[in-house]
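**Q** For reference, the chains in residue letters:
Protein chains: 2
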Amino acid sequence: MLQDLLLPEIRELIVTRDEATLHETLDRWLPADVAILMAKLTDEEDLAAIKLLGGPQRARIFEYLDRPTQQRLLLSLNDADLGSLLNEMADDDRTSLLASLSPDDRSRCLDRLTAEQRALAESLLQYPADSVGRLMTPHFVCVRQHWTIQHVLDHIRLHGHDSETLNVVYVVDDNHRLIDDLRIRQLLLADPQRRIEHLMDSNCISLRAGDEKRSAVEVFRRYDRTALPVVDVTGRLLGIVTIDDVLDIAESAATKDMQKLGGLEALDASYADTPLLTLVRKRAVWLIVLFLGEMLTATAMGYFEEEIAKAVVLALFVPLIISSGGNSGSQAATLIVRAFALGEIQLRDWWSVLRRELASGFLLGLVLGAIGFSRIALWSTFSTIYGPHWLLIAVAVGLSLIGIVLWGCLAGAMIPFGLKCAGIDPATSSAPFVATFVDVTGLVIYFSVAIVVLRGTLL
Amino acid sequence: MLQDLLLPEIRELIVTRDEATLHETLDRWLPADVAILMAKLTDEEDLAAIKLLGGPQRARIFEYLDRPTQQRLLLSLNDADLGSLLNEMADDDRTSLLASLSPDDRSRCLDRLTAEQRALAESLLQYPADSVGRLMTPHFVCVRQHWTIQHVLDHIRLHGHDSETLNVVYVVDDNHRLIDDLRIRQLLLADPQRRIEHLMDSNCISLRAGDEKRSAVEVFRRYDRTALPVVDVTGRLLGIVTIDDVLDIAESAATKDMQKLGGLEALDASYADTPLLTLVRKRAVWLIVLFLGEMLTATAMGYFEEEIAKAVVLALFVPLIISSGGNSGSQAATLIVRAFALGEIQLRDWWSVLRRELASGFLLGLVLGAIGFSRIALWSTFSTIYGPHWLLIAVAVGLSLIGIVLWGCLAGAMIPFGLKCAGIDPATSSAPFVATFVDVTGLVIYFSVAIVVLRGTLL
Chain A
187 MLQDLLLPEI RELIVTRDEA TLHETLDRWL PADVAILMAK LTDEEDLAAI
237 KLLGGPQRAR IFEYLDRPTQ QRLLLSLNDA DLGSLLNEMA DDDRTSLLAS
287 LSPDDRSRCL DRLTAEQRAL AESLLQYPAD SVGRLMTPHF VCVRQHWTIQ
337 HVLDHIRLHG HDSETLNVVY VVDDNHRLID DLRIRQLLLA DPQRRIEHLM
387 DSNCISLRAG DEKRSAVEVF RRYDRTALPV VDVTGRLLGI VTIDDVLDIA
437 ESAATKDMQK LGGLEALDAS YADTPLLTLV RKRAVWLIVL FLGEMLTATA
487 MGYFEEEIAK AVVLALFVPL IISSGGNSGS QAATLIVRAF ALGEIQLRDW
537 WSVLRRELAS GFLLGLVLGA IGFSRIALWS TFSTIYGPHW LLIAVAVGLS
587 LIGIVLWGCL AGAMIPFGLK CAGIDPATSS APFVATFVDV TGLVIYFSVA
637 IVVLRGTLL
Chain B
187 MLQDLLLPEI RELIVTRDEA TLHETLDRWL PADVAILMAK LTDEEDLAAI
237 KLLGGPQRAR IFEYLDRPTQ QRLLLSLNDA DLGSLLNEMA DDDRTSLLAS
287 LSPDDRSRCL DRLTAEQRAL AESLLQYPAD SVGRLMTPHF VCVRQHWTIQ
337 HVLDHIRLHG HDSETLNVVY VVDDNHRLID DLRIRQLLLA DPQRRIEHLM
387 DSNCISLRAG DEKRSAVEVF RRYDRTALPV VDVTGRLLGI VTIDDVLDIA
437 ESAATKDMQK LGGLEALDAS YADTPLLTLV RKRAVWLIVL FLGEMLTATA
487 MGYFEEEIAK AVVLALFVPL IISSGGNSGS QAATLIVRAF ALGEIQLRDW
537 WSVLRRELAS GFLLGLVLGA IGFSRIALWS TFSTIYGPHW LLIAVAVGLS
587 LIGIVLWGCL AGAMIPFGLK CAGIDPATSS APFVATFVDV TGLVIYFSVA
637 IVVLRGTLL
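Residue numbers (the numbering used here), protein chains in the order written: chain A, 187 to 645; chain B, 187 to 645.
Source of the hints: derived by calculation from the structure; they are not laboratory data. Be a bit skeptical, because a hint or two may be false.
Identical copies look the same in the list; a pair holds intra-copy or inter-copy alike.
Pairs of lysine to aspartate or glutamate, EDC-like flavour, derived with a Cα cap of 20 Å [said to hold, decoys possible]:
1. LYS442 - GLU404
2. LYS226 - GLU198
3. LYS442 - GLU530
4. LYS226 - GLU530
5. LYS237 - ASP213
6. LYS468 - GLU530
7. LYS237 - ASP267
8. LYS226 - ASP535
9. LYS442 - GLU398
10. LYS237 - ASP204
Chain A with its partners taken away, still in its complex shape (with noise of 0.2 Å):
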C-alpha cells in the first residue's frame, strides 16, 4: 500500500517537526488514508503528528482514528490543542468519542469547548446510548417553503459550509417544525425561479431521537435514504442522520447478534483492540452459565445409569445423538433471531413459524433417523458391537433421532419467540444455549425411547 512506502518519509517529517511539507505531503491524501498511516507509527509518533497538524484537517483525520488511539492522543494533548482538536470535530463523532470517556476526563474536554459547542455536546449526550439521538448533527441546511430555489441556492452557498451534508434541504414553518425534505436533484432540476412550496409533496420521513439507533437502519433501507430528519415529539427539527453513520450501525448491530449467537457476550471494540481480559470475560459469563446448564445432562445420565451399566451400547450412541438435537436447534434459532433483526418476522407470526418448522422438523429428523438406523444396521452385519439385539438398538436410535431433531427445531425457533415476548432481545437465546437446552431434554428423550424400546431384551 501507498502508505507503507511514504512511511519513512513521513517519519522523518515528524522527527524534523517539518510541519509545511507535513501539511502538505498529507492533504493530498484523504483523511482515512491518513488514519491508516497513523496506525502504523507509535505513540511517540502519532502524538507528535497529531500536534504538528492542526486545523479541519487534523479533526478530520482524527475522526477516522480507532477509539483507543482517539482516546490515547485526546488525553496526551495540552488543553490548547484539545479545545481546537474537539471544536472542530463533527457532532456525531465527538458525541460518541466523549460518551466513551470517564466522567473526569468528559469533563476535562468540555470545559475546553466553546460555550456554543459545549451546549451542543452537552444536550446531545443526553440521548441515551443506543438512541438515535447520539447520530445527529445539528447542522444542516433549513428553507422556508415561500423561498425560491434560487434563494435557497444562494442560502446555501452563504451559510451551508458547517452542513453534514447538502443533499438534503429541511423545509420548516415558523415555529421551526419540518414540514418536508427536499433532495437536492430536486432543486438542481428546477427552474431556479420555482418557489420550494411547489416542489414539496409532503411525504417526509423522519426519525425520532429518542428511538433505538438499530430502527433507523430499517427506515433507511426501506426508503432508500442517504440523510434523515430526527424530530422531537412535537415535530420541531432536532437534526439530521446521514447514512455514513446508519451503514456503521447496520455492521456492529449484526456483529453484537452474531457473537450473541456463538454464545458471548458482545464485544464492545475489534476482536484485536480488546484486551485479552476482557476477551474472556466476554466469554467466560456466558460459558460458565452454559457449563452449569450443562450440569444437567450429568444429572439426567445420573437417572440412567443403571440401564447404561446394563447396556454400555447405549452411551456411545449419546455424543451423536444430542449433537444432532443441538445443530438442528442453532439452525432453527439463528434463522429466528436474523428474521427478527431484519423485521422479517414479528411475534405475531410465532404459529406460522411453530408449523413450519414443525414440518421442517419432522423431515429432517426422519432423513438423520433413517441415516442412524442405517448406520447401525451396517456395521452390525460386518461386526458383532452392536450384541444380537443391534436390530432393536437401530430402532431405538432412529426412533429418538426423529424426536430430538423435532425437539430442537422447535426449541431452537420458540426460545427467541419466548425471549422476544419478555422483552429480552432474543440474540441472547444464543445457539449454544438453544443446543444446551436441548441437550438435556434430548437426553430425556433418548433413554426413554430406549427404555420403552429395549425392556425385556437390553434393558
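Starting from the known structure of chain A, arrange chain B on it as the hints suggest.
**A** Same frame as chain A, but now just chain B:
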C-alpha cells in the same frame, strides 16, 4: 398502519378500475409504502393494480416489491405492459431481477426492451453475480475540468433527470477516463464562475466492476461516501454504485455469514419467503454432513467401551465435557469469522490470534475445570453417586476440561484461518462444524486423561 386503514378504499378503486383516483391516491404516498400496501393485496388485486398504474410511478413501486412478487407480476403482464415497466426500471434493480429469471423468461423480457435499454441490460448481466458490476447504473452526471460551476449546474438541469444521484458529479477526460469525483456540496459552496479544475484534488476512490460486492461495503464504510464510481482496467468510467444498494449488501452478507455460522446453507430469500422444501434442503445438507462427522463420536466411544463398562460414572460426564469444548469453539469461530468479514484481521495475523487464543483458552479452561472439579467434590460430600474414588474422577474431569476448552478455542480460531488460506469462505467453518470436530477429539482427550488418572483404581 396507514396502509391498513386505506386498504378497503384502494381495493374499491381497483375493482372499479378507477385509474385516475388510484393514481392520485397512491401518488401522495412514497413508493416504499405503496409496496407494503401491495403486499397486503391478493394476487389478482396486485396484478390489477400494477396494470392500472403506469409510467415511472409504477416502476418505482415495483422496485420495492419482494423478489417472488416481482417475478409473479412480471410474468403475468402482457408484452406491452412488461416492456413499459422494464424500460422504466432502474438499471441495478432490473439487472438483479432479470438475473433471477429462467433463461426463457429472461429472453422474453429482454425482447421487450428498447434497443438501447436492451444493450445496457445485456452488458450489465455479463458481470458475475456477486460483482460490483451488477450493482452499477450507467446513469450519472459527468463533466469536464474546464467547465465552470455554472456550466455544470446548467448541464445538470438539462441532462440530470436520468441520473441515479446528483449528490456527486464525475470529472472525465477526452477518453472518458475518470479524473476526479466532486460532491455536490463542493459545487454549491463555491463561486459559480470558478472552474471545475480548481475544485479538484485528484483524490478519487473508485471501484472495479469485477470486484466482489462485499468489498464495496468496506470501501463505502472507510471513506463515508454516498456514491462511488466504477471503472474498468483502463480507468474508463463505467457507472456508479449508490450507498442504498451497499446497505442492502452489507445486511445480506451478514445474514449469509450468520446462517453459515448457524450451520446451514445461506438462504437466498427471507425465512418467510423460502419454500418449505428449500428450507429443509438447505438445512439437511449440513445437518447430514455434521451427523456423519458426529458418527465418529460413536466410533471413538466404541474404543473406550471397556473403560465405560468398568466405570459407568465416566459416561455421565461425556455430554458436559464435549459441549464445553463445542461452546468454546463456537465462540472463537464466531469472533474470527466476523473479524475476517469486517477486514479487522488478515491471514498474516494468524500467529497473534493463535497466541491470544492460547492464553484465553487456558484461562477459560482453568475456570471451567475448577467449576467441574468443585461440582463433583461438592456432590460427593452429600451422596455416594461418584463412589469412593470421587477425588480422582474430579481430577480427571477438571484436567480434561482445561485441555478440551483450550483445544476448542484453538480449533475454533484456526479452522477459519485454514479455510481462508485454502480460498474457502471462512464462514463455512460454521460453529457447529467446529463443535463437531471438537466433540470427536474432545472424547479422545477425556478418555485418555481418565485412563491415566484412574489407572489402578477404577480402570
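**Q** Taking the earlier hints as the rules, which of them does this structure contradict?
**A** Hints that this structure does not satisfy do not exist here, as all of them hold.
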